[in-house]
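Using the sequences and the hints, build the whole thing.
Residue numbers (the working numbering), protein chains in the order written: chain S, 1 to 281; chain E, 282 to 527; chain F, 528 to 794.
Rather than coming from a laboratory, the hints here were simulated on the basis of the structure. Note that the Cβ used here is the ideal one computed from N, Cα and C, for glycine as well. A couple of the hints might just be wrong.
[Claimed, not checked] Derived list of chain S stretches under chain E, where covered just means 3 residues or more per stretch with a C-beta under 8 angstroms from a C-beta of chain E:
(1) 84-97
(2) 165-178
(3) 184-196
[To be verified] Cβ pair distances, simulated, as ranges:
(4) F/655 x S/264: 45 to 51 angstroms
(5) S/39 x E/383: 43 to 49 angstroms
(6) S/264 x E/383: 36 to 42 angstroms
(7) E/457 x S/65: 45 to 51 angstroms
(8) F/618 x S/169: 54 to 60 angstroms
(9) E/421 x F/683: 23 to 29 angstroms
(10) S/271 x E/310: 40 to 46 angstroms
(11) S/219 x F/588: 43 to 49 angstroms
(12) E/314 x F/705: 54 to 60 angstroms
(13) F/588 x E/427: 29 to 35 angstroms
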Amino acid sequence: MLSRPTRTTLAHTLRTLALFAAFSAGAAHADATLDRIHQRHKIVIGVILSGPPFGSLDPATQKPVGFNVDLANDVAKRLGVDVELTAVQPSNRVQFLQQGKVDALIANMEVTKERAEILSYPPTPFEEIGGALITRKDSGIKTWNDVRGKPVCVSQGSNYTKPLAEQYGAQVKAFRGQPESLLALRGNNCVAAVHVAPTLRLLVARNPDWKDYTIPVSNDLIPSPAVIWVRKGETDTQAALEKIVQDWHRSGWLIGTERRNSMQPSQAVLDLHAKYKAPGA
Amino acid sequence: MSAPAQALVDAIGKTGLNYSFVLAPDELASFLHGMLVTLELSLVTALGSLAAGVVLAAMLTSPRAALARPARVFVEVTRNTPTLVQLFCAFLVVNMLISEALRNLGGNPLTPFIWSAIVISLHKAAFHAEALRAGIEAVPRATLEAAQSLGYSRRQRLWEVQLPLALRFALPTLVNNMVDLVKMTTVASAIAVGDITYASIMIWTQRDNVLELMILILLFFGALTFAVNRAGQWLEIRLRMPGYGH
Amino acid sequence: MAIDTLSPPAPRERNRLVALASVVAVAGLLAWLEYGIAQGTNNPTLAALVTWAPALGKSLWVNIEISLLAIALGTLAGLLLGPLLLSPVWIVRVIARCYVQVFRNAPLLVLIYFSTYVFPFEIAIGRHTLPFSDWFKVTLGLALPASANFAEIFRGAIQSIPHAQWDAARSLAFSRTQVFRWIILPQCVKRMLPPWMNLYASITMATALASLVGVHDLLDTAQVASNTVARADFTVVVYFTVLGLFFAYCYPIARFTRRLEKRYAFS
Numbered sequence: 001m002l003s004r005p006t007r008t009t010l011a012h013t014l015r016t017l018a019l020f021a022a023f024s025a026g027a028a029h030a031d032a033t034l035d036r037i038h039q040r041h042k043i044v045i046g047v048i049l050s051g052p053p054f055g056s057l058d059p060a061t062q063k064p065v066g067f068n069v070d071l072a073n074d075v076a077k078r079l080g081v082d083v084e085l086t087a088v089q090p091s092n093r094v095q096f097l098q099q100g101k102v103d104a105l106i107a108n109m110e111v112t113k114e115r116a117e118i119l120s121y122p123p124t125p126f127e128e129i130g131g132a133l134i135t136r137k138d139s140g141i142k143t144w145n146d147v148r149g150k151p152v153c154v155s156q157g158s159n160y161t162k163p164l165a166e167q168y169g170a171q172v173k174a175f176r177g178q179p180e181s182l183l184a185l186r187g188n189n190c191v192a193a194v195h196v197a198p199t200l201r202l203l204v205a206r207n208p209d210w211k212d213y214t215i216p217v218s219n220d221l222i223p224s225p226a227v228i229w230v231r232k233g234e235t236d237t238q239a240a241l242e243k244i245v246q247d248w249h250r251s252g253w254l255i256g257t258e259r260r261n262s263m264q265p266s267q268a269v270l271d272l273h274a275k276y277k278a279p280g281a
Numbered sequence: 282m283s284a285p286a287q288a289l290v291d292a293i294g295k296t297g298l299n300y301s302f303v304l305a306p307d308e309l310a311s312f313l314h315g316m317l318v319t320l321e322l323s324l325v326t327a328l329g330s331l332a333a334g335v336v337l338a339a340m341l342t343s344p345r346a347a348l349a350r351p352a353r354v355f356v357e358v359t360r361n362t363p364t365l366v367q368l369f370c371a372f373l374v375v376n377m378l379i380s381e382a383l384r385n386l387g388g389n390p391l392t393p394f395i396w397s398a399i400v401i402s403l404h405k406a407a408f409h410a411e412a413l414r415a416g417i418e419a420v421p422r423a424t425l426e427a428a429q430s431l432g433y434s435r436r437q438r439l440w441e442v443q444l445p446l447a448l449r450f451a452l453p454t455l456v457n458n459m460v461d462l463v464k465m466t467t468v469a470s471a472i473a474v475g476d477i478t479y480a481s482i483m484i485w486t487q488r489d490n491v492l493e494l495m496i497l498i499l500l501f502f503g504a505l506t507f508a509v510n511r512a513g514q515w516l517e518i519r520l521r522m523p524g525y526g527h
Numbered sequence: 528m529a530i531d532t533l534s535p536p537a538p539r540e541r542n543r544l545v546a547l548a549s550v551v552a553v554a555g556l557l558a559w560l561e562y563g564i565a566q567g568t569n570n571p572t573l574a575a576l577v578t579w580a581p582a583l584g585k586s587l588w589v590n591i592e593i594s595l596l597a598i599a600l601g602t603l604a605g606l607l608l609g610p611l612l613l614s615p616v617w618i619v620r621v622i623a624r625c626y627v628q629v630f631r632n633a634p635l636l637v638l639i640y641f642s643t644y645v646f647p648f649e650i651a652i653g654r655h656t657l658p659f660s661d662w663f664k665v666t667l668g669l670a671l672p673a674s675a676n677f678a679e680i681f682r683g684a685i686q687s688i689p690h691a692q693w694d695a696a697r698s699l700a701f702s703r704t705q706v707f708r709w710i711i712l713p714q715c716v717k718r719m720l721p722p723w724m725n726l727y728a729s730i731t732m733a734t735a736l737a738s739l740v741g742v743h744d745l746l747d748t749a750q751v752a753s754n755t756v757a758r759a760d761f762t763v764v765v766y767f768t769v770l771g772l773f774f775a776y777c778y779p780i781a782r783f784t785r786r787l788e789k790r791y792a793f794s
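Now the structure itself:
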């Protein structure tokens, strides 16, 4: 196709372009995020709007509502800045944070080893979330082991991909987001779908369209701490958010917000509330 | 394999490109499998679209309105709507309806791969059909009349006179369409067919090494389209008829 | 026995039939929608569709914007690149050909992922920052193959002008640039128009891929709507509405292109 000299020219050009891109991207991150937030008087937070209770669009006002949204609004209020909510997908949330498109992520992202390597987070979690499995009532899937060798739908970028593939031997099929994954489940392209438990529980409980579906397994997959994510090395932002999260637990605001969004606070959250409420904490 | 591979990855790593995913056996396997699936899908859709294109072209040039009109409507709708939207309509909507209907009869056997193959083949078939139709209509009338006077039926005329000449006339356009087809197989990644794009997405959402994977994908498709172009050129030379066209 | 005719129905009659059929189909669809709206709350699917219709219309405009900007940028770049492909300087020719090869052979989806995830989110020039919103990145991602394709179209048009015209013009003491500007280029414009419009149609359809990288375009809005309403029949209706909206935009362009092709066929 291309002669040797032109191929080398091409390789050099690509590398230069890549370095340029990396350099420009680096230049955008060089400012301390917290300074920029206060300077612009605005924080951009990425939230996931894949469905209640975490986030959805109110059809009447076309505005985002849900647990993630409430947390994001409160973070901004406590920092004394305006908030700009950006809807993200599991497939692009990490890129959006790395590129600087959002300053923080409140996007159903639990702590995993791989994520901790490339991003930072305030150590106190705001919830403990695990994965639930939704399947048809007559599919014959009763435990996590029943998915061995069968196709299971998840979102691209989900942290349930690894345990499902490695621990339970399932054939994982990842879609752009939770809505597409659930549609594929209804189209019989997988026997089950695995997403964050609170969303699936609400779906099965409330939505008449899903009356033939059930969550057969009572224990969740890898319940892990859900935290707010920031870019690696941003210690100021991390410390500011840590203070906010601890305050949420201390004042009990978090539990109240969960109840308002029809969520059942997990044992971990109740424990953290008790821990921070105790004098001297 | 790991020691020289590790050395290579480290050497490339000095330029700032992170290829460490090659050292993880499951990720490397899924990437290689992705390449294989892309090749499979390209081959299946190439043959499928040609077959469907010939049928559509025959219908388009038929004097019977009952064949020509639906074919024309199909060609217009398929050419003027995006492949991704067609794929979603087929996979997320039609597939769901079929599943509901077939639920008691043993379930829906159509996999995402089959749906991608069907949608992409039909989409490109519309373009092939237009090119072949132009080729069929370019056959000199004298040749057709001569064939008719020799007792060829309409079907024989189509199959033995018009199509071979139309194929040679439309070959450059068909080869261009095939190159487009190969590039179009990437949309299958949206419905979780494990092609090279999908495998790359799965890797970069965990490792954040988009640029490195992009380079590999671009090289792969560059090689593939080069091969298709070459095959087209070889075919053109083989099928050349002295005195006709070129 | 049926008459064994050699020719298909006359083209003009065929096009009129298709036009009539599509008008009848669209009118039927609108009538059904009107009936449904008149019925009011009896059909929740139609009510939901009416609620979401403005959002769908607005997001179709996002797709159209991306396509218009991408083709504009691509055409400008292609106009500069086309002559470079025929430059007498060897290295210039080679670089231009490389660019065209790379961006014509790369799948559009891969280029869109590339531009979204590799380009930075904003560029700092001195004290000012130039924001790159995600739809603009998709526009750039589409402008690249548009420019490569248009450069090829331009080159093809230039080369289709008979060489005799160049020779005649040179013999009349026109300089190379003058030949290009006054004789070749005006003729090229007419020849480039139909392939350029085909390019625009394919770019418009490629804008649907923007939904895969998070741009809030028509397809993404349809997915959000289908997820929020969470009814199976509404999902069916909204996806086919998206198909219909794209068709309603692209089909007139295709028809207009065909008219142009016929008009310029023998000029």
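Now the hints, each set against the structure:
1. 84-97: Since 4 is at least three, the answer is holds.
2. 165-178: Our answer is that it holds, as 5 residues pass the Cβ test (under 8 angstroms) against chain E, meeting three.
3. 184-196: holds (count 5)
4. F/655 x S/264: 45 to 51 angstroms: holds (49 angstroms)
5. S/39 x E/383: 43 to 49 angstroms: violated (59 angstroms)
6. S/264 x E/383: 36 to 42 angstroms: holds (37 angstroms)
7. E/457 x S/65: 45 to 51 angstroms: holds (49 angstroms)
8. F/618 x S/169: 54 to 60 angstroms: For residue 169 of chain S against residue 618 of chain F, whose Cβ atoms are near 56 angstroms apart, the range 54 to 60 angstroms holds.
9. E/421 x F/683: 23 to 29 angstroms: Distance hint for residue 421 of chain E, residue 683 of chain F holds at roughly 26 angstroms.
10. S/271 x E/310: 40 to 46 angstroms: For residue 271 of chain S and residue 310 of chain E the Cβ distance comes to about 41 angstroms; the hint holds.
11. S/219 x F/588: 43 to 49 angstroms: holds (47 angstroms)
12. E/314 x F/705: 54 to 60 angstroms: This hint holds: roughly 58 angstroms between Cβ atoms.
13. F/588 x E/427: 29 to 35 angstroms: Violated, since residue 588 of chain F and residue 427 of chain E (Cβ atoms, about 56 angstroms apart) do not stay within the stated range.
In this structure, the hints that do not hold are numbers 5, 13, in rising order.
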